[in-house]
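Participant: With chain A fixed as given, assemble chain B onto it according to the hints.
2 protein chains.
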Amino acid sequence: MPVGTQGTVKAVPQETLEALGAEIILGNTYHLYLRPGHELIRSLGGLHRFIAWPRAMLTDSGGFQVFSLSKLRKISDEGVRFRSHLDGSSHMFTPEHSMEVQIALGADICMAFDECTEYPADEARARESLRYTMAWAERSLKHFRANAHRVPWGGPDGEMEGQTQSLFGQTQSLFGIVQGGMHGHLRRESAERLVAMDFDGYAIGGLSVGEPRELTREVIAEVLPLLPADKPRYVMGVGFPDEIVEYARMGVDMMDCVIPTRAARHGLLFTSEGRMNIKNRQFAEDQNPPDAACDCPTCRRYSRAYLRHLMQTGEPLGGTLNSIHNLAFYLRTMARLREDLERDTPA
Amino acid sequence: MPVGTQGTVKAVPQETLEALGAEIILGNTYHLYLRPGHELIRSLGGLHRFIAWPRAMLTDSGGFQVFSLSKLRKISDEGVRFRSHLDGSSHMFTPEHSMEVQIALGADICMAFDECTEYPADEARARESLRYTMAWAERSLKHFRANAHRVPWGGPDGEMEGQTQSLFGQTQSLFGIVQGGMHGHLRRESAERLVAMDFDGYAIGGLSVGEPRELTREVIAEVLPLLPADKPRYVMGVGFPDEIVEYARMGVDMMDCVIPTRAARHGLLFTSEGRMNIKNRQFAEDQNPPDAACDCPTCRRYSRAYLRHLMQTGEPLGGTLNSIHNLAFYLRTMARLREDLERDTPA
Chain A
96 MPVGTQGTVK
106 AVPQETLEAL
116 GAEIILGNTY
126 HLYLRPGHEL
136 IRSLGGLHRF
146 IAWPRAMLTD
156 SGGFQVFSLS
166 KLRKISDEGV
176 RFRSHLDGSS
186 HMFTPEHSME
196 VQIALGADIC
206 MAFDECTEYP
216 ADEARARESL
226 RYTMAWAERS
236 LKHFRANAHR
246 VPWGGPDGEM
256 EGQTQSLFGQ
266 TQSLFGIVQG
276 GMHGHLRRES
286 AERLVAMDFD
296 GYAIGGLSVG
306 EPRELTREVI
316 AEVLPLLPAD
326 KPRYVMGVGF
336 PDEIVEYARM
346 GVDMMDCVIP
356 TRAARHGLLF
366 TSEGRMNIKN
376 RQFAEDQNPP
386 DAACDCPTCR
396 RYSRAYLRHL
406 MQTGEPLGGT
416 LNSIHNLAFY
426 LRTMARLRED
436 LERDTPA
Chain B
96 MPVGTQGTVK
106 AVPQETLEAL
116 GAEIILGNTY
126 HLYLRPGHEL
136 IRSLGGLHRF
146 IAWPRAMLTD
156 SGGFQVFSLS
166 KLRKISDEGV
176 RFRSHLDGSS
186 HMFTPEHSME
196 VQIALGADIC
206 MAFDECTEYP
216 ADEARARESL
226 RYTMAWAERS
236 LKHFRANAHR
246 VPWGGPDGEM
256 EGQTQSLFGQ
266 TQSLFGIVQG
276 GMHGHLRRES
286 AERLVAMDFD
296 GYAIGGLSVG
306 EPRELTREVI
316 AEVLPLLPAD
326 KPRYVMGVGF
336 PDEIVEYARM
346 GVDMMDCVIP
356 TRAARHGLLF
366 TSEGRMNIKN
376 RQFAEDQNPP
386 DAACDCPTCR
396 RYSRAYLRHL
406 MQTGEPLGGT
416 LNSIHNLAFY
426 LRTMARLRED
436 LERDTPA
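Each protein sequence line maps, in turn, to chains A and B.
Okay, so the first sequence: first residue is 96 according to the numbering used here, each after it adds one.
Okay, so the second sequence: first residue is 96 according to the numbering used here, each after it adds one.
So here's chain A without its partners, still in its complex pose:
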C-alpha cells in the first residue's frame, strides 16, 4: 500500500496511482487530525472524496505518529496527551477519540489505537506497553462497533465521472494490532487475545522500529500462524522489495511502507537489477531507462541521465518521476507474487 501521509502520496497525482494499479492507499490519522482536521474532512464527505480517491483507503490509528513525531507525550490508562509537532498545541488521543477521527475520515479500514513499543524494550517494559495496547484494543472495538458507518464515498453527491466506485455502500472495518516488542510469548498472548475479540483483520505492529531484520522475520513467523487465515493479515511499516516478497510468501496479505516514495525523493530507485542511486555520476550520460524491464510512465519516456539531472538541479519533477517508478516496481512485485501464490495454491 502506498503511503499518503497527509492525504497525498507525496508528489504523485491520484490519477497516476490509479493508472499504476494501486488498489488501496494509506492515510495518517495524526497528520489529518491536525491538518486540515477530521471534522472538516467529515463535513466534506470523508477522506475519499476530499482527496478524490475512489478506491480503498486505510487509516492508521495515530498511535505511531504520536510516539514518533509529537512532543511531551504523556501516557495514561485513558490515552495519550501530546503536543503537536506543528505548533505545540496540546491534544489528547484516547482509543475512543482515535476511532472518532477514523470514522470521520471514513476510511475503509481503520486501525485500533495502540502503543507502538520502542526497540529495544525489555520484557517488563514490553509487557507494560502491551497492557495499554490490549486495553485500548477492547475500547477501540467497542466504540467502533457502536459508531462505524458506511463508507461515505460515492453517495448521492459523490459521483466521480469515470471512476470506479467499488466501495460504495461498504461498512468500515477495524483491524487489531499485535504488539509485544520482540518477546515471543508477549506477541503470542497479544495475538490470541485480539483474535478472541474478533476484529475484521489483524496487523502486526511495532516492527521496523530499528530491530535487526532477522528479528522482524522471527516475530512475523511467531505471530502469523495465530491469526485467522480467512481474515487479512497486515504487517505495518515494511519494507524493502526483498522483504515484502519474503513476508508475502510467509502468508502476509498487506504491507505499507514509505520506502518506495521516500527513497525516490532521495534518488534511490528499485529496479529489476537491484538498487540504483540515480544521483551517481555514472548515470550522467546514461540514455537507458531506469529499468529496461519496467513499463511505467517514467521508464517508458525518460532516461537515467535526465532523472539524474532533475535530482542534481533539485527539480520537483525528479521526485515525481522517481516515485512513479518505485511505486510501479512495488506494485508489480506484489502483483507477480499474487499470481505466483495463486498458481502454487491447489484449488
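Treat the hints with care, since some could be wrong.
Which copy is meant is left open, so a pair is good if it fits within one copy or across any two.
[Stated by the list, open to error] Computed cross-link-like contacts, EDC-like style, restricted to lysine to aspartate or glutamate with a CA-CA straight-line distance of at most 20 Å: (1) Lys105 with Glu410; (2) Lys237 with Glu434; (3) Lys374 with Asp182; (4) Lys105 with Asp217; (5) Lys237 with Glu309.
Because the hints were derived from the structure by calculation, they are not lab data.
Facilitator: Same frame as chain A, now just chain B:
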C-alpha cells in the same frame, strides 16, 4: 510558451504538457550550460531527446540570466564574463559562444545574444547597451548561419513511441532581439537594423523589467509595425492573462512567461472568474473545482479545499496540480484567441 528553465517545466511531467496541448516550451541556455552542460546534452542527442520532448523548443540566449542571476559580470565588446550563481566559477559568454551552446542544445528556435537593458536606463545608457546588442546580433547571425544544423530529435535512434515528431529534419531558426530601453527612437533603430539583417523571427526584449505596464504596451506598439508580419513576432517575458490577450490582439505571435507556473507554486490560480489565492481561509471547505469552466485534469478531479490543504501542508502535489491548471488556463486563453483572430481576419 511554458517556461522549462532547467529542462523541465517545473513540477509538470512532459506527458501532461503534451496532453494540455503545449506545442512549444522554452529552455534556459544559461542554466543548461551550467548544469548539466551543453556538451553533455549534445552528446545525448540534444535537448529534445534529453528531456523527452518531441515538440518545438526555444532556447533564450543566456543574456537575461547572465544579467539577473550571475555575479561579478563584466561586459566588453567581446562579450560578458561572469561568475556562476551556483559555484562562483568564472565563465565567458560571447555571441559566438551563446550560438554554440544553443546549437548544441538543438533548440528549434534560438535567440541572438543580447544585453537586456535594465529599467530605468537613461538615453545614454540605453544607447550604450543597444550598441552591444546590435553588434552581438550581427555576430550571432553570422556564427549561427555558418554552424546551425538540423534539429537532431527524431533521428535514427530518436524514435519515441507514440510521439509526434513534427520537427524531424527541420533546421534551427534564429530570432533577433529588439532592445533600446523605453526610448522609442532607439527601439525603432534597433528594429530596423535587425530587420535589415534578416533573422527568421524577431523578439522584443527588455520588457517586464520593472517598468509600468503602460510603457510595456507603448514599446510593443512602437516596435511591432516595424517587424515583418510574415515572420514570428515574439514578446519576451510577459505576462498576466489580460496582458497576453492584449498583446496578441496587437499582433504578437509568441510570448513566454514563468507566471503561470511560478504563481501556481505560490497558490495563485488564474480562473475564468479572475485570480484566486487558493491558500485563503475561505477555500478551506470549498468543494468546487478551482475553475468550473475549466476541463483540465486538476479541475476535473480536485476541489479547492483539497488544493488549499496541499498548499497548507507544503505537499509537492499542490504545485503540480496548480501548475497544470494555470498552464491549461493560459493555453486555452491563447487557443481561443487564435480562433477569434482567425475568424476576424478576412480570408
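Participant: For every hint, state whether the structure bears it out.
Facilitator: Comparing the hints with the structure gives:
1. Lys105 with Glu410: both (15 Å within a copy, 7 Å between copies)
2. Lys237 with Glu434: So Lys237 and Glu434 fail the 20 Å test inside a copy (37 Å) and across (64 Å) alike.
3. Lys374 with Asp182: Between. Shortest inter-copy distance 19 Å satisfies the 20 Å Cα cut-off; intra-copy 35 Å does not.
4. Lys105 with Asp217: neither (36 Å within a copy, 50 Å between copies)
5. Lys237 with Glu309: For Lys237 and Glu309, neither the intra-copy (36 Å) nor the inter-copy (69 Å) Cα distance is at most 20 Å.
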